[in-house]
Amino acid sequence: MVVSAPGMPQLQVPLIDPAAPAAPSQLKNVTVWEWSGVAADEGDEAAAWFSKYVERPVRLVRHLHASGLPQTVRPVDQEFAPGHSVKFADGFPLLITMEENLGSLNSQLSSNGSGTLPMNRFRPNLVLAGVEGGAWTDDTWGSVAIGGAQLSYVKPCDRCKVTTINQETGEEGTEPLTTLGQIRGGKILGWAAQRKSWTHSVFFGWNAAVAQQGTISVGDSVAVIAERA
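Take the sequence shown: its letter number 29 is residue 29 in the working numbering, and every next letter is one higher.
FYI, nobody ran anything at the bench for these hints, they're computed from the structure.
The reader is advised that the hints may include incorrect statements.
Said to hold, decoys possible - Derived DSSO-like pairs (lysine-lysine); straight-line CA-CA distance at most 30 angstroms:
1. 196 to 161
2. 87 to 28
3. 52 to 87
4. 52 to 196
5. 28 to 52
6. 87 to 161
7. 187 to 161
8. 187 to 52
Said to hold, decoys possible - Pair ranges (Cβ atoms, derived):
9. 181 to 17: 41 to 49 angstroms
10. 85 to 223: 35 to 43 angstroms
11. 210 to 172: 31 to 39 angstroms
12. 142 to 85: 19 to 27 angstroms
13. 217 to 118: 31 to 39 angstroms
We put the beta carbon where it would ideally sit given N, CA and C, even for glycine.
Start from the sequences and build out the full structure, keeping to the hints where you can.
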């Protein structure tokens, strides 16, 4: 794996068979939210490179999902996706958004006198476009087929303050959370009845889990195979 960044030399990190065991000296304790486990450290060169770039001490670690160590299994929220697990992702295997939804949000932002936002502000894994039904139609989807894969829409993604930070400048604002609160709040959407903590949450995108593995490519069609119950 080759890593590059502005003003930095390229870093080469050897790709290792995920089934290969890690040496005991490589094992590092790691924490993601409430979960704690172990991972394999990728060495001092990688640590120095990333520490210099982000200006704080960090280590690059590799997930040991095939190692057989019980401390490497990190289940997702079993209320929404029982039986599924993730590596070091925020909460679920996938986050899916739609260009039409961003267009709707940006129209509202413009109406409120704010600047529009790029899709990368929301950090999705998959971005869909040209789907029948227009903006926010994905709120009704239960599962979809894309390419050779089938994906289950398991949970609407409630958004945090990270979406208010401009990735290029580091500046923090109030948008899109203020506008999302007007059009995509938990009370407005009726989702607060499902989970009380969503009463004051705002939503953009859907967390998804893989129901059937397959290859997904740019330009694949999207077929809705089940609506939400």
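Those earlier numbered hints the structure runs against, lowest number first: Violated hints (numbers, rising): 4, 8, 10, 13; every other hint is consistent with the structure.
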